[in-house]
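Chains as they are written, first to last, in my numbering: chain C, 1 to 412; chain Z, 1001 to 1412.
Because the hints were derived from the structure by calculation, they are not lab data.
Quick caveat: nothing in here was measured; it's all calculated off a predicted structure.
Hints are supplied without guarantee of correctness; some may be wrong.
[Claimed, not checked] Here's a subset of chain C near chain Z, in silico, CB distances under 7 Å, partners left out:
| hint | residue |
| --- | --- |
| 1 | 21 |
| 2 | 23 |
| 3 | 136 |
| 4 | 138 |
| 5 | 142 |
| 6 | 145 |
| 7 | 286 |
| 8 | 287 |
| 9 | 288 |
| 10 | 291 |
| 11 | 293 |
| 12 | 295 |
| 13 | 372 |
Beta carbons are placed, not taken as given, at the ideal position from N, Cα and C, and that holds for glycine.
Protein chains: 2
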Amino acid sequence: MVYVAIMGHGVVGGGVAEVLRKNAASIAKKAGQEIVIKRILDLREFPDSPYADRFTKNPDDIIHDPEIAIVIETMGGLHPAYEFVKACLENGKSVVTSNKELVAAKGDELLAFAKQHNLNFLFEASVGGGIPILRPINQCLTANEVYEIAGILNGTTNFMLTKMIEEDMSFDEALSLAQRLGYAERDPSADIDGHDTCRKVCILAALGFGKHVYPAQVHTEGIRGVSLTDVKYAAAAGYAIKLIGRARARDDGRIFCMVAPMLVPKDNLLSDVRDVFNAIMVRGDAIGDVMFYGRGAGALPTASAVVADVIDEVKHIARRKMIFWESGSDDYVCPYTEDQTAAMVRLTADLPETAKAAVTAAFGEVRWIALIGQPENELCFLTEVQNEQTLAQTLQGLSGVQIQSCIRLFGE
Amino acid sequence: MVYVAIMGHGVVGGGVAEVLRKNAASIAKKAGQEIVIKRILDLREFPDSPYADRFTKNPDDIIHDPEIAIVIETMGGLHPAYEFVKACLENGKSVVTSNKELVAAKGDELLAFAKQHNLNFLFEASVGGGIPILRPINQCLTANEVYEIAGILNGTTNFMLTKMIEEDMSFDEALSLAQRLGYAERDPSADIDGHDTCRKVCILAALGFGKHVYPAQVHTEGIRGVSLTDVKYAAAAGYAIKLIGRARARDDGRIFCMVAPMLVPKDNLLSDVRDVFNAIMVRGDAIGDVMFYGRGAGALPTASAVVADVIDEVKHIARRKMIFWESGSDDYVCPYTEDQTAAMVRLTADLPETAKAAVTAAFGEVRWIALIGQPENELCFLTEVQNEQTLAQTLQGLSGVQIQSCIRLFGE
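Just chain C, with the same shape it has in the complex:
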């Protein structure tokens, strides 16, 4: 029998308790012994929970209980989760977390700390909810030189974009609906401004390329600037707009890492990922493209990943799992302005024919996109692949036009 404790009885923590209870028999069989929840930390009361007698408001009841071998941190946020996790490791407890903010900010430090204490720090649930992704990268793709990881990592924004693509909803309508259905928070900025995706791509990049990426190093654009009009032009050209987190290895040992809405070609499976689903594509030299797809959020899917980590720790108790990456460095993430991209540009102009000539003069031959019902003063085109900074400067240099949007292509 192994005693565990849960810190934070919210959506995920409650789901973990439910899965551990509901599937107790098969989990015990797979883990090799029974897993018993001894304590649950939460400031609220849960008189109706089957674990009502095990709740505590005092983290020391967990941190300093020598019987508890594994602590499950599902509080979210950086503080006090960071202090609690550190204290648990200091007191000889392995930790499983679903907290992407914590791992993206402090993963390198906590992994080193766990290693030093010969303990485990696992976080499969921090990326892609229940989708197995960290362990496959760490164990199954080891024969590969992974050179790119990219994906749809945020269910809320993907739901909104799906509604815009399939049901002609405006951005604001899609956001309202997402909020009504409980997919978006009252303050949706963490999702729609890309911060959530940013944290997840930091974790994926760290695991895939072996070195921590801090969220502040990642150029992050959300989907506030994506209009229904952009979605329609993209569709007319054979693309779906998706919020993509993407990290690519460079030959010089540095990486590019970015979060932005991108035009995904219709023949790329990422373009077909709908609603709140997530999908992560990994590119390796031997395997080519592989994709992992599933529910990226929600109580039970995320709990599924947390509990799998717990089972893995119980199976390997007192033995270290080999998940590890180095600390990051200032120059590790290359400025995105040095990257290359193609883009879809939409602009308005009082003299569209003159503007068209100016675009061709500036960009050379471009691919014009036509839309039924397109306003006469609106133009939309796809550029060739070019340097990011050159692209931005060329657009700035166009006179007599108003740039309405510029959305990158997700290319090879």
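For chain C, the structure is supplied; the task is to place chain Z on it using the hints.
Same frame as chain C, but now just chain Z:
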């Protein structure tokens, strides 16, 4: 340093040698020590291989070499692969294989044998080529009660069906093209008659549900009966025809397991899996649907999975991985005739109006599918979900019609 040997220097074995050589440095780092190929068994000569001096035609040079710790079996086929693998295990060598025929026929026995000798027998590459699937099921979805595994497990047939769907090719044209491109063998029956998919679904079912399923227990239909006309009716109704291997748990501890072409709804991501790609969907009570996608065949993708297993064995040398399942039993796989399904039926009749009335009389209200340019004597419809045997009997009982095809729906 760990010595390994490769048995069979064909497409996969050659790929394994190439990946081990090309990515030697990063593989050594991940495995914790250098992995050195000491011997390669093949009856042919490979004078230009960088390993030319290590080839042997005598399996005993591997089986009885005490320095070789891990043997990679990439010969394919049941015999003599089975005898060789058993001899390797008897002589204290862990084994990694890509041989689905071997695992589907003898997996339970070889796993038990490996366990008894405290060795490992790993076979990630036997299903889905390079796609990580066995390890995720075994390690990442452990918190779930998995109740269904289904997927597109054969790249050749999926390539052919894609050509039929997207380029209006006939079955024969698609097969010729697949053969010209090297995707299909001169004798394509293992692929197009479903045997390859059958072996893979047996392995998935065994791992997912814990008990061996023998290929002979699985009702297997290939795609020979799928015509371009069927593909078009399916498209008109919002479906793509895919060859699906599917295993589902029943409440009584038995399972349903089948291989057949099925109509996959367009909003299911499996319908978008194109060309030679494979995808495997796993349904669990906590996680919902997850899908794993990638190249299901080819030298390097398959080698990628083989080498990942080798690295895993090197990391855990002298320690058992916990992959295991029970032997099967005669009544474990429930006859498919007891299952439920909906189906698309296409028939011809000299008196179509009379036939239509007969169909409605026999099936109740059905959904008729219309096609532009449909011959006057042809009818196509979708039935409700019903018992398999009832469906077959009802079709047999229709008089004055010729049943052209009956293809199941891939439903929830």
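### Query
Checking against the hints above, which ones are violated?
Going through the list in order, the structure violates hints 1, 4 and 13 and respects the others.
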